Amino acid sequence: NAGVTQTPKFQVLKTGQSMTLQCAQDMNHNSMYWYRQDPGMGLRLIYYSASEGTTDKGEVPNGYNVSRLNKREFSLRLESAAPSQTSVYFCASRAGYGANVLTFGAGSRLTVL
Amino acid sequence: SQKIEQNSEALNIQEGKTATLTCNYTNYSPAYLQWYRQDPGRGPVFLLLIRENEKEKRKERLKVTFDTTLKQSLFHITASQPADSATYLCALGSGSARQLTFGSGTQLTVLP
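Residue numbers (the numbering used here), protein chains in the order written: chain H, 53 to 165; chain B, 2 to 113.
Only chain B is shown next, with the shape it has when bound in the complex (with noise of 0.2 Å):
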């Protein structure tokens, strides 16, 4: 079965260094890829989309990778500052969007 991996629970990073999450996947070949900010008792926001073809994308301070050889995506924050602060889900897809299918998250606190 698909199976998704945020590389931990927890990161506590630097103000002003660069924030590296990763996600990864098995068992599944998705067309795209997904990256939500959620911050606590909120829905999660979509931030990025990267689909399989792409091997990179960016917006403003972020920047995603996805490699569909290690079946892994790399979610950068650089710059990062305590508002960055949050969790931050991956979201795998193919087809519609019913068909998604979210990692567990990843905790980021950046400490001033």
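Chain H with its partners taken away, still in its complex shape (with noise of 0.2 Å):
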């Protein structure tokens, strides 16, 4: 029972370098989601995924692309790191049905320098 599987889980990147934190889930969920969580402040959404195909801006989505690849994975790509992006970075994914109870990965810790 893997669930949600993230990877890298730590990175250090230098100020506009680009790279890719991988996501897949096994659960054959249809709703995938990225959020950063930041010291004092909730979990915020970043980008989803309602279903494969397709993808949506959240609340901060600047600096940021996605790619639903299938419905298993989902991408997350930061194309010129800044400072500002350092964060803790978390994949979740939801079933198509329900009370909307996210499944959260182990998270991304990103350090940009």
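Hints in this document: simulated from the structure, not taken from any laboratory. Some hints here could point you the wrong way.
[To be verified] Calculated lysine-lysine pairs in the DSBU-like style (CA-CA distance at most 35 Å, straight line): (1) K58/B / K109/H; (2) K109/H / K56/B; (3) K4/B / K66/H; (4) K56/B / K61/H; (5) K4/B / K60/B; (6) K109/H / K4/B.
[Said to hold, decoys possible] Distance ranges between label pairs, derived from CB positions: (7) R52/B / G92/H: 25 to 31 Å; (8) E125/H / S30/B: 32 to 38 Å; (9) G17/B / G105/H: 51 to 57 Å; (10) A80/B / K66/H: 48 to 54 Å; (11) T21/B / Q74/H: 36 to 42 Å; (12) Q15/B / L121/H: 26 to 32 Å; (13) G105/H / Q15/B: 30 to 36 Å; (14) S70/H / E53/B: 30 to 36 Å; (15) T57/H / A84/B: 24 to 30 Å; (16) F62/H / K18/B: 21 to 27 Å; (17) G68/H / P83/B: 24 to 30 Å; (18) S70/H / T19/B: 32 to 38 Å; (19) E111/H / D40/B: 31 to 37 Å; (20) N80/H / G96/B: 45 to 51 Å.
[As the list claims (entries may be wrong)] If you only want the chain B side, here are some residues facing chain H, beta carbon under 10 Å, derived: (21) A11; (22) Q35; (23) Q39; (24) R43; (25) G44; (26) F47; (27) L50; (28) L71; (29) T79; (30) C91; (31) G96; (32) G104; (33) S105; (34) L109; (35) P113.
Owing to the predicted nature of the structure, the values given are computational and were not obtained by experimental measurement. Where is the CB? At the ideal position from N, CA and C, for every residue including glycine.
The task is to assemble the complex, starting from two chains supplied on their own in separate frames and drawing on the hints.
Dropping the structure here:
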């Protein structure tokens, strides 16, 4: 029962570098989400995908892009990393029915120098 | 704009006591409220959901109340144990999951 798997777990980047955070779920969920978590703040939605082939912006999308590669995988890309993007990133998924309960991955800690 | 406040950043209690965590909100009329547990270095894990027309929900040693007049939810852990030590997040929602708004969490430490 892997649930939601995120890679990498830790990453250090220099300002201006690019990278992609990978997320895969094995629960056959329709919807997938990317959040960031910063100290003293709640989880904030970056992008989400309601179903395969669709993506949409959340609360804080600037500086990010996403790809819903297939039903299982949802990646988050930083094209030109900035220190303000230092954060812990969480991927989550949700079945297409029920009470909007999210299943989260373990997180990816990103530091931008 | 919507605002969620969780009572304090940290709460210490003695083992065996009841822990009570608070989630207050303003400028929002949620259809439901969720509580998640988050351990260090891990993602949040869903615990309980309560809908706007429900006053109370229980699951084992956990109890959640939801007062839409006071705009407040209380999360209780009875007979607390050191293993209950974690950060607890509340999340308010209406409609789809993309509309979930999370609080910043309360870090609970249960002292043996």
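Right, here's what the structure says about each hint:
| no. | hint | verdict |
| --- | --- | --- |
| 1 | K58/B / K109/H | holds (33 Å) |
| 2 | K109/H / K56/B | holds (34 Å) |
| 3 | K4/B / K66/H | holds (34 Å) |
| 4 | K56/B / K61/H | violated (39 Å) |
| 5 | K4/B / K60/B | holds (27 Å) |
| 6 | K109/H / K4/B | holds (20 Å) |
| 7 | R52/B / G92/H: 25 to 31 Å | holds (29 Å) |
| 8 | E125/H / S30/B: 32 to 38 Å | holds (35 Å) |
| 9 | G17/B / G105/H: 51 to 57 Å | holds (52 Å) |
| 10 | A80/B / K66/H: 48 to 54 Å | holds (50 Å) |
| 11 | T21/B / Q74/H: 36 to 42 Å | holds (39 Å) |
| 12 | Q15/B / L121/H: 26 to 32 Å | violated (49 Å) |
| 13 | G105/H / Q15/B: 30 to 36 Å | violated (53 Å) |
| 14 | S70/H / E53/B: 30 to 36 Å | violated (43 Å) |
| 15 | T57/H / A84/B: 24 to 30 Å | holds (25 Å) |
| 16 | F62/H / K18/B: 21 to 27 Å | violated (37 Å) |
| 17 | G68/H / P83/B: 24 to 30 Å | violated (45 Å) |
| 18 | S70/H / T19/B: 32 to 38 Å | violated (49 Å) |
| 19 | E111/H / D40/B: 31 to 37 Å | violated (25 Å) |
| 20 | N80/H / G96/B: 45 to 51 Å | violated (23 Å) |
| 21 | A11 | violated (12 Å) |
| 22 | Q35 | holds (7 Å) |
| 23 | Q39 | holds (9 Å) |
| 24 | R43 | holds (6 Å) |
| 25 | G44 | holds (3 Å) |
| 26 | F47 | holds (5 Å) |
| 27 | L50 | holds (5 Å) |
| 28 | L71 | violated (20 Å) |
| 29 | T79 | violated (23 Å) |
| 30 | C91 | holds (9 Å) |
| 31 | G96 | holds (8 Å) |
| 32 | G104 | holds (5 Å) |
| 33 | S105 | holds (5 Å) |
| 34 | L109 | violated (17 Å) |
| 35 | P113 | violated (27 Å) |
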